[in-house]
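Could you use the hints to bring the two separately framed chains together as a complex?
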Amino acid sequence: SQQGEEDPQALSIQEGENATMNCSYKTSINNLQWYRQNSGRGLVHLILIRSNEREKHSGRLRVTLDTSKKSSSLLITASRAADTASYFCATDWYSGGGADGLTFGKGTHLIIQP
Amino acid sequence: EPEVTQTPSHQVTQMGQEVILRCVPISNHLYFYWYRQILGQKVEFLVSFYNNEISEKSEIFDDQFSVERPDGSNFTLKIRSTKLEDSAMYFCASSASEGQPQHFGDGTRLSIL
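Residue numbers (this note's numbering), protein chains in the order written: chain U, 12 to 125; chain W, -8 to 104.
For reference, chain W alone in the conformation it holds in the complex (with noise of 0.2 angstroms):
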């Protein structure tokens, strides 16, 4: 069955530092999100993207976040200056449509020192 990958499965950065999380959505899929699990709390939406930009964001998704589809397959979430609060897990997931199913890759661990 079609799955979402994403690498790596685990991120150590030092504070400040610019961060980049990848994600290969299923391949037939139109919708792109990411979304982020601190520990111990809700999964929280930051972002969607459909058709080359982005759909809609949280509030959490500041000027510190972005996102691309710098090609065919893949879809990146960059953090440009991390803080130590941005340690979480984060999920890409994708959908073939508005208002179906959203599959979720297993997540990429974020730890900032």
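One chain only, chain U, in its complex shape (with noise of 0.2 angstroms):
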């Protein structure tokens, strides 16, 4: 199994601070995904970063990616209350073969305090 977990499980921040989160993995990737889910929701793709990518941003968010560690942080700077929601990573074994499925790992639920 290549899962990813993330740590911590829950985070609880006031608005304007940065969080971080954390997420591991097992196996050998292609490339890592974050994504959001809000509650009862789909999820939503913030970013991809690639097995031969560091560090990846996007607007408020940052992604670094240590291969050697099978390690990857989610950083979401200014935080603000729209921010909460669940977050995962999913990591994508590429096989050559078609359509590769993700997996993903239980997520960090990320509460903002007005």
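Source of the hints: derived by calculation from the structure; they are not laboratory data.
Hints should not be assumed to be uniformly reliable.
Simulated crosslink set (PhoX-like; lysine-lysine; CA at most 20 angstroms straight-line) [stated by the list, open to error]: (1) LYS67(U) - LYS81(U); (2) LYS37(U) - LYS33(W); (3) LYS33(W) - LYS117(U).
Pasting the structure below:
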């Protein structure tokens, strides 16, 4: 299994602070993706980082990838109340044989206190 | 922005009945996926579909499950004889190509009674 596992499981911070979530996985990957899920809704794609990349930015999001440690982190800067959601990492092992399913972690539930 | 749409949003079915969940992927995407999320648990991969055939499937995707792309826009998941443990949120996703972001619909909540 190439499961991603996030930590912490839950994180509560004040609005304006930065939030950092971590993800670990077990096997070689092609890419790692971060998703957000608001309660009762679908998964929203945030950012994809490939195995040959070390860092990627998108707006207030910063993702790092350390393939030697099989870990990734998601940093949300200047958090807002609207960032309250569950955040998941998902790994993609490229098989070269077509469409590859993602393996998701359990997620970090982020609460931004106003 | 293009999005994946799923219908119905909520389906209630008696155990043993057949159910079909429907999805309209993003129009220029070529790769299609089904996932499920049992309440409080991880999102789990079920099956992927490309070029009119199953590309990959998980252990969960047993003989009671099937997928179909009946026309140029729809992608369906059929569960032949539902069980109580099939109760979950079912998500459809699509991607433009291999290794590209997968875009998810809002899901169908399936409740088996």
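Here is how each hint holds up against the structure:
no.	hint	in the structure
1	LYS67(U) - LYS81(U)	holds, 16 angstroms
2	LYS37(U) - LYS33(W)	holds, 16 angstroms
3	LYS33(W) - LYS117(U)	holds, 5 angstroms
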